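J.: Now for the letters of each chain:
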Amino acid sequence: MAEIREDLSAAHARAWLRLAAPGAWLTGAEKTAIAAEARAALNCPACAQRKAALSPEQPIPAHIGPSDLDAAWVDVIHRIRTDADRLTPAWFARVVPSVLSVERYVETVGVIAEVTAVDSFMTAMGMPLWPLPEPLTGALTGIRPKAAKLAGAWVPTVAPEDVSADDPEPVQAMYRNRSAANIHRALSLLPEAVNGFFDLDDAMYLPDALLRKFEEEPRAITHAQIELLAARVSALNRCLY
Amino acid sequence: MPHARLLLDFAEACSAVSADLSDRREAVRSTLGEAALVDAAATIAIFQAVVKIADATGIPLEDAKAEISAEFRADLGLDAFVAE
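So the sequence lines, in the order shown, correspond to chains A and B. Quick note on my numbering: the first sequence kicks off at 112 and runs consecutively. Quick note on my numbering: the second sequence kicks off at 24 and runs consecutively.
No wet-lab data here; the hints were simulated from the structure. Bear in mind the structure is a predicted one, so any value in this text is a computation, not a measurement. Heads up, a few of these hints could be off.
To be verified - Heads up, simulated EDC-like pairs for lysine to aspartate or glutamate below, C-alpha to C-alpha not over 20 Å straight-line:
{"hint": "1", "chain 1": "A", "residue 1": "K260", "chain 2": "A", "residue 2": "E272"}
{"hint": "2", "chain 1": "A", "residue 1": "K324", "chain 2": "A", "residue 2": "E338"}
{"hint": "3", "chain 1": "B", "residue 1": "K88", "chain 2": "A", "residue 2": "D319"}
{"hint": "4", "chain 1": "A", "residue 1": "K162", "chain 2": "A", "residue 2": "D196"}
{"hint": "5", "chain 1": "A", "residue 1": "K260", "chain 2": "B", "residue 2": "E85"}
{"hint": "6", "chain 1": "A", "residue 1": "K257", "chain 2": "A", "residue 2": "E280"}
{"hint": "7", "chain 1": "A", "residue 1": "K162", "chain 2": "A", "residue 2": "D194"}
{"hint": "8", "chain 1": "A", "residue 1": "K162", "chain 2": "B", "residue 2": "E35"}
{"hint": "9", "chain 1": "A", "residue 1": "K260", "chain 2": "A", "residue 2": "D278"}
{"hint": "10", "chain 1": "B", "residue 1": "K88", "chain 2": "B", "residue 2": "D98"}
{"hint": "11", "chain 1": "B", "residue 1": "K88", "chain 2": "A", "residue 2": "E338"}
{"hint": "12", "chain 1": "A", "residue 1": "K260", "chain 2": "A", "residue 2": "D277"}
{"hint": "13", "chain 1": "A", "residue 1": "K257", "chain 2": "A", "residue 2": "E272"}
{"hint": "14", "chain 1": "A", "residue 1": "K260", "chain 2": "B", "residue 2": "D86"}
{"hint": "15", "chain 1": "A", "residue 1": "K257", "chain 2": "A", "residue 2": "D277"}
As the list claims (entries may be wrong) - To give an idea of the interface, some chain B residues facing chain A are shown, with a C-beta separation under 10 Å as derived from the structure:
{"hint": "16", "residue": "A34"}
{"hint": "17", "residue": "L44"}
{"hint": "18", "residue": "A50"}
{"hint": "19", "residue": "A63"}
{"hint": "20", "residue": "I76"}
Claimed, not checked - Reference listing, derived: stretches of chain B covered by chain A, where coverage requires no fewer than 3 residues with Cβ under 8 Å from a Cβ of chain A:
{"hint": "21", "segment": "53-62"}
{"hint": "22", "segment": "66-72"}
{"hint": "23", "segment": "80-89"}
Using N, Cα and C, we set each Cβ at its ideal position, and we do this for glycine too.
All chains should be built: construct the whole structure from the sequences, respecting the hints.
T.: Pasting the structure below:
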């Protein structure tokens with residue numbers, strides 16, 4: 112069995128606790144169902160057919176997935192998991208708000224991202240995937256930053272300068288020790304999603320404070336090797352950002 | 024850069040570009056060691072997720088990054104990745 116850094120295993124365990132727990136706009140049951148669909152998408156014949164098609168708008172059969180989520184929501188999950196580079200503003204406008212409210216959409220993206228990160232790591236290491244957790248029940252937090260607004264992305268985001276002292280702690284924590292880069296803002300309509308994903312990112316990539324600290328090499332591969340891998344994966348995924 | 028090809032081969036195998044993931048993983052492990060394999064796998068995996076956040080939320084490239092990367096984006100054909 113491979114030896115995994117303790118901080119990395121701990122970050123994965125925290126991600127699984129977040130996955131099981133009720134979120135801001137999604138229940139624990141919905142979040143674990145999204146995770147199950149995100150996994151199933153990798154072996155879904157309809158997704159394979161769409162990925163191979165010249166246009167992602169070509170009609171495809173129904174997705175094969177394990178959950179009882181609404182079919183249109185399942186399509187959103189499968190498409191983000193398997194064909195994200197061909198998402199367009201027109202597709203987004205068809206999905207939000209008719210399939211999902213923008214808050215539930217952003218939370219769905221956050222769940223897919225965390226499951227993708229943890230599952231991709233286990234696959235890369237040749238280790239079995241973590242079993243999905245049993246969902247927890249409880250009240251939704253319903254935290255929506257009051258400063259969220261449309262500012263270049265498809266979804267409303269919060270600029271760091273718009274966070275105020277009377278915002279709840281999850282909002283204030285979003286940009287603590289993090290730059291104002293757009294990737295940090297992307298999920299900021301859902302502060303818990305930002306804080307959760309970048310907790311994982313700090314352990315799997317590098318904490319923001321170490322990104323340009325080239326005199327320190329905190330990993331077993333160098334900054335340059337890390338950035339080479341990051342750039343290659345982004346290019347393989349055809350992601351401009 | 025030391026071991027660039029080895030690491031790129033591993034990243035490509037992880038992204039299902041090549042089917043020999045097991046061989047590529049073992050090549051990284053035997054050449055660079057277990058800790059390096061873990062850190063390479065973690066980097067590859069988190070960026071498989073980062074791109075989904077970027078693509079699904081439609082965040083733009085920051086102006087400063089767009090400016091300094093204009094030349095090599097054009098050289099490498101990366102501008103074709105913009106969602107329209």
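J.: Could you run down the list of hints and mark each one as holding or not?
T.: Results for each hint:
| no. | hint | in the structure |
| --- | --- | --- |
| 1 | K260(A) x E272(A) | holds (13 Å) |
| 2 | K324(A) x E338(A) | holds (13 Å) |
| 3 | K88(B) x D319(A) | holds (17 Å) |
| 4 | K162(A) x D196(A) | holds (10 Å) |
| 5 | K260(A) x E85(B) | holds (17 Å) |
| 6 | K257(A) x E280(A) | holds (13 Å) |
| 7 | K162(A) x D194(A) | holds (6 Å) |
| 8 | K162(A) x E35(B) | holds (18 Å) |
| 9 | K260(A) x D278(A) | holds (15 Å) |
| 10 | K88(B) x D98(B) | holds (16 Å) |
| 11 | K88(B) x E338(A) | holds (15 Å) |
| 12 | K260(A) x D277(A) | holds (18 Å) |
| 13 | K257(A) x E272(A) | holds (13 Å) |
| 14 | K260(A) x D86(B) | holds (19 Å) |
| 15 | K257(A) x D277(A) | holds (11 Å) |
| 16 | A34 | holds (5 Å) |
| 17 | L44 | holds (7 Å) |
| 18 | A50 | violated (13 Å) |
| 19 | A63 | holds (6 Å) |
| 20 | I76 | holds (5 Å) |
| 21 | 53-62 | holds (count 8) |
| 22 | 66-72 | holds (count 7) |
| 23 | 80-89 | holds (count 6) |
Hint 18 alone, counting from the list given before, is not met by this structure.
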